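*Asks:* Here the protein sequences line up with chains A and B, keeping their order. The numbers in my numbering rise by one with no breaks, and the one at position 97 of the first sequence is 97. The numbers in my numbering rise by one with no breaks, and the one at position 48 of the second sequence is 48.
Treat each hint with caution, since some may be false.
[Claimed, not checked] In silico contact screen, one side only, chain A against chain B (beta carbon under 10 Å); selected entries:
| id | residue |
| --- | --- |
| 1 | Y36 |
| 2 | Q38 |
| 3 | V100 |
| 4 | K107 |
[To be verified] List of simulated lysine-lysine pairs, DSSO-like, C-alpha gap at most 30 Å:
| id | chain 1 | residue 1 | chain 2 | residue 2 |
| --- | --- | --- | --- | --- |
| 5 | A | K107 | A | K42 |
| 6 | A | K42 | A | K71 |
| 7 | A | K42 | B | K14 |
| 8 | B | K20 | A | K42 |
| 9 | A | K42 | B | K41 |
If you're looking for bench data, these hints aren't it; they were derived computationally from the structure. Computed from a prediction, not measured in an experiment: that's the story for all the values here. In this text, a Cβ means the ideal position worked out from N, Cα and C, and glycines have one as well.
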Amino acid sequence: GESVGLHLPTLSVQEGDNSIINCAYSNSASDYFIWYKQESGKGPQFIIDIRSNMDKRQGQRVTVLLNKTVKHLSLQIAATQPGDSAVYFCAEGLGGYQKVTFGIGTKLQVIP
Amino acid sequence: GAVVSQHPSRVICKSGTSVKIECRSLDFQATTMFWYRQFPKQSLMLMATSNEGSKATYEQGVEKDKFLINHASLTLSTLTVTSAHPEDSSFYICSAREQGAGQYFGPGTRLLVL
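Excised from the complex, chain A in its bound form:
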């Protein structure tokens, strides 16, 4: 479904700690789930994606977990660094990346 405009929730973490950002999605038909990072005044930057037939995927310092039973997606960032401070959006892809719908973002603040 359409994402709803709301004020962004904020997650504050200490530098070096692990961060977990959660997301609930709405469309059971989505076949891709994507995490994007957006820094202030910039466009979204791809972090990692996962196909709907998987439940976990790992990248460099990041892990995405997908729970289709409860329509939940999470992004784990290991050893969070100040450069990780940004707004993180989950997104659902239909037909691959044919149509991407963004969820509500989460602002990550890393405390040095």
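Fit chain B to the given chain A structure using the hints.
*Replies:* For chain B alone, coordinates are given in the frame of chain A:
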């Protein structure tokens, strides 16, 4: 690879004027381009999807006569905000998709209508 550019990065215009924003895929051919709008502290909202050489498909609630989209080539799409008003002030972001690949986003264009 997969770089998408937008021009201009920032534009200020008077109410009632029209503004054109360009989106280019620099190192790949984009079969499909997308235009999003983002208001402060909100998510990206898809406005329209355009395929090269055909008419754009607009999302519900987006006025096609106000937001004109032209996807003239496999590397260029333009969004024209016609008769812009202050409520059109926003961050406009395009993305481009190569056949069978993901969406790559441009850096965005900040529009301020006075």
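*Asks:* Determine for every hint whether it applies to the structure shown.
*Replies:* Status of each hint after checking the structure:
| no. | hint | result |
| --- | --- | --- |
| 1 | Y36 | holds, 8 Å |
| 2 | Q38 | holds, 8 Å |
| 3 | V100 | holds, 6 Å |
| 4 | K107 | holds, 9 Å |
| 5 | A:K107 - A:K42 | holds, 14 Å |
| 6 | A:K42 - A:K71 | holds, 29 Å |
| 7 | A:K42 - B:K14 | holds, 24 Å |
| 8 | B:K20 - A:K42 | holds, 19 Å |
| 9 | A:K42 - B:K41 | holds, 13 Å |
The structure fails none of the hints (numbered hints given earlier).
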